[in-house]
Amino acid sequence: MSVAPPVSAADSVPAGATFLQEVMAATPGKSRLNMCIQCGTCGGSCPSGPEMEHTPRRLFAMIKEGLRDQVLRSNAPWLCVSCYFCTVRCPQQIHITDVMYTLKGMAINAKLYRDHSPPDFSKTFVDYVEHYGRSFELGLATRFNLRHHPLSLPNMAPMGLGMLKRGRMDLVPHRIDGMAQLTRILERAKALEATS
Amino acid sequence: MKMLFYPGCSMQRTARPYLDSLLAIREAIGLELEDVSDWNCCGATEYMSVHRIAAHALVGRNLALASRQAEGTDTLTAGCSACYLNLAKTDQQMREDPRLRTTVNEALAAGGLSYEPGSLKVRHLLDVVCNDVGYEAVKAQVVRPLYGLKLAPYYGCQVVRPDPDSRWDDREQPVAMDRLLRALGAEVVDYTLKTQCCGGHMTVIGPEIAYGLIRRLVHGAAAAGADAIVTLCPMCQLNLDAYQVEMNKFFKTDYAVPVLYFTQLMGLAFGRSPAELGIGKEFIAAAPALARIQDEPPPAVEAKKKRRPRAEDGLPMPRMG
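Each protein sequence line maps, in turn, to chains A and B. Residue numbering for the first sequence follows the numbering used here, beginning at 1 and increasing consecutively. Residue numbering for the second sequence follows the numbering used here, beginning at 1 and increasing consecutively.
Hints should not be assumed to be uniformly reliable.
Subject to a maximum C-alpha distance of 20 Å in a straight line, what follows is the list of computed SDA-like cross-link-like pairs (lysine to any residue) [as the list claims (entries may be wrong)]:
1. Lys249(B) x Glu65(A)
2. Lys123(A) x Pro207(B)
3. Lys165(A) x Lys150(B)
4. Lys190(A) x Asp163(B)
5. Lys190(A) x Lys252(B)
6. Lys252(B) x Pro154(A)
7. Lys249(B) x Pro158(A)
8. Lys64(A) x Thr41(A)
9. Lys30(A) x Lys249(B)
10. Lys150(B) x Pro298(B)
11. Lys190(A) x Ser166(B)
12. Lys30(A) x Gln92(B)
13. Lys252(B) x Thr41(A)
14. Lys30(A) x Arg101(B)
15. Lys249(B) x Ala157(A)
16. Lys190(A) x Ala275(B)
17. Lys190(A) x Leu113(B)
18. Lys190(A) x His174(A)
19. Lys30(A) x Asp163(B)
Label pairs and their in silico Cβ distance ranges [claimed, not checked]:
20. Tyr255(B) x Thr142(A): 25 to 35 Å
21. Pro50(A) x Lys252(B): 17 to 27 Å
22. Asp169(B) x Gly162(A): 51 to 61 Å
Simulated from the structure, these hints should not be mistaken for laboratory data. Here a beta-carbon is modelled for each residue, glycine too, at the ideal position from N, C-alpha and C.
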């Protein structure tokens, strides 16, 4: 099983580490995830909380219990909108949004997500960045919607045309000059991510 | 005031009016902006979901290029919320986490670059305008005050939260932009939803959730009597403007609240033409709202004399003495 890399101020993951230690080690910076007191402020502050199978509070209890597969299968991290309300309200100053990013990455590595559409959106975005060094809205929207919401395309066409008409969308992507340099940096980073 | 500028992908296109209006006003407020040369995408909220560490190397290249270019300034500013936060967070987490600092620099070395965390000050454009340029200097440039225009200041999420360098007055109810808009002569409505989420990438991957959030924000502004919502982020503008149309279809509503950038309103108050500021490129036309700008300030409403609270106003409470 692929394990997300141990890069954090915390110690690297020892053999036989708990799932909690693994998640903390994979989260850059100090996540403080082990400090959760189960108060539920996070779930109550979350704009997409009602749609989540597990609120962050519940998810963190499951992490402590080592329920790895159930945690990585949860739709909760994928519904996180990165608004950081939970993070600034958490009385224990846990970097909740950052932990959600970690869980998404771990779910992708372990192929445990159930709804393919959010990870595919992220991966399509990454793909454009890794080819051009910039994002490309038209390609991203078209590729993603063709694959996941083909029936929505006729409905979305007016918006796309509206963007083009207003000069708010490019027809072709822009490639940065230092693409080779960026590729070397990202490849090195991924290699370090896999071996550390 | 010289500083390095990270435009970001959105400002190049979807938020072109934001960039155009910034370029139109920068001289008036004494901002000398130097683009970070050959910058790459910040990764938005997507890259770090797939590659947790490489995401910081992606941002690290921008920080490294900017610090190499920095001469006569150590400030790096961005107009987009996500770009600003990614730059600020990578800098802050590299400071906080020695292992991350080492890893990112090892990766950057593969491209002949390096970055010393803390060597740049990463600031959002609104922060620079409010705190470095200052309200008085902005006011001094106003030739056509926005009298009578009622505005809902919308900050969104990522500029005021998590606020890694504690730059803002409040993470949930900030007032920096409120004061800026008042300095332009506009009236600021009470908009308590000012830092609630616009839906972010949910408009694409989970539209039903996003439409609910967009409806709440648009309804809140309309109910508060706002002529327009004012934003500081390309994603917020896109979601509240272009997706307001989709949201109306979804809920069978007919909201029409235009969404403008704060730089566009500054430009108007500085006497620039709407076309020069990219006004007219929004989906919900701003022209009808802007036609409500008056030549004279609205008559001051006399503040009601405060009434001394009476005993019968509150719940029965034990009284001292």
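Quick rundown of the hints versus the structure:
Using a Cα cut-off of 20 Å, the hinted pair Lys249(B) and Glu65(A) is violated, with the two alpha carbons roughly 44 Å apart. Straight-line distance between C-alpha atoms of Lys123(A) and Pro207(B) comes to about 19 Å, which keeps the hinted pair within the 20 Å bound. Proximity of Lys165(A) to Lys150(B) is assessed by CA-CA distance (about 29 Å); at most 20 Å being required, the pair is judged violated. About 28 Å separates the Cα atoms of Lys190(A) and Asp163(B), which puts this hinted pair outside 20 Å; it is violated.
The suggested pairing of Lys190(A) with Lys252(B) is violated, with an alpha-carbon distance near 47 Å, which exceeds 20 Å. Only pairs whose Cα atoms come within 20 Å are accepted, and Lys252(B) paired with Pro154(A) is accepted, the gap being roughly 18 Å. At most 20 Å may separate the alpha-carbon atoms for a hinted pair to count; Lys249(B) and Pro158(A) meet this at roughly 13 Å. Taking the CA atoms of Lys64(A) and Thr41(A), the gap is about 18 Å. The hint holds against a cut of 20 Å.
Pair hint Lys30(A) plus Lys249(B) does not hold up; C-alpha atoms about 44 Å apart against a cutoff of 20 Å. For the hint pairing Lys150(B) with Pro298(B), the CA-to-CA distance comes to about 11 Å; that is within 20 Å, so the pair holds. Under the criterion of a C-alpha separation no larger than 20 Å, the hint pairing Lys190(A) with Ser166(B) is inconsistent with the structure, at around 31 Å. Proximity of Lys30(A) to Gln92(B) is assessed by CA-CA distance (about 11 Å); at most 20 Å being required, the pair is judged to hold.
With a CA separation close to 34 Å, the supplied pair Lys252(B) and Thr41(A) exceeds the 20 Å bound. Taking the CA atoms of Lys30(A) and Arg101(B), the gap is near 13 Å; set against the 20 Å cutoff, the hint holds. With a C-alpha separation of about 14 Å, the suggested pair Lys249(B) and Ala157(A) falls inside the 20 Å cut-off, and the hint holds. Note on Lys190(A) and Ala275(B): the hinted pairing is violated, with a Cα-Cα distance of about 45 Å set against a maximum of 20 Å.
Between Lys190(A) and Leu113(B), the direct Cα distance comes to roughly 17 Å. Compliance with the 20 Å bound is thereby established for this hinted pair. For the hint linking Lys190(A) to His174(A), the alpha-carbon distance of about 24 Å lies beyond 20 Å, and the restraint is violated. Between Lys30(A) and Asp163(B) the CA atoms are separated by roughly 15 Å; this keeps the pair inside 20 Å, and the hint holds. A hinted range of 25 to 35 Å for the beta carbons of Tyr255(B) and Thr142(A) is consistent with their spacing of about 28 Å.
Distance hint check for Pro50(A) and Lys252(B): the Cβ-Cβ separation is about 22 Å, which falls inside the suggested range of 17 to 27 Å. Checked against the hint of 51 to 61 Å, the pair Asp169(B) and Gly162(A) fails, with Cβ atoms roughly 37 Å apart.
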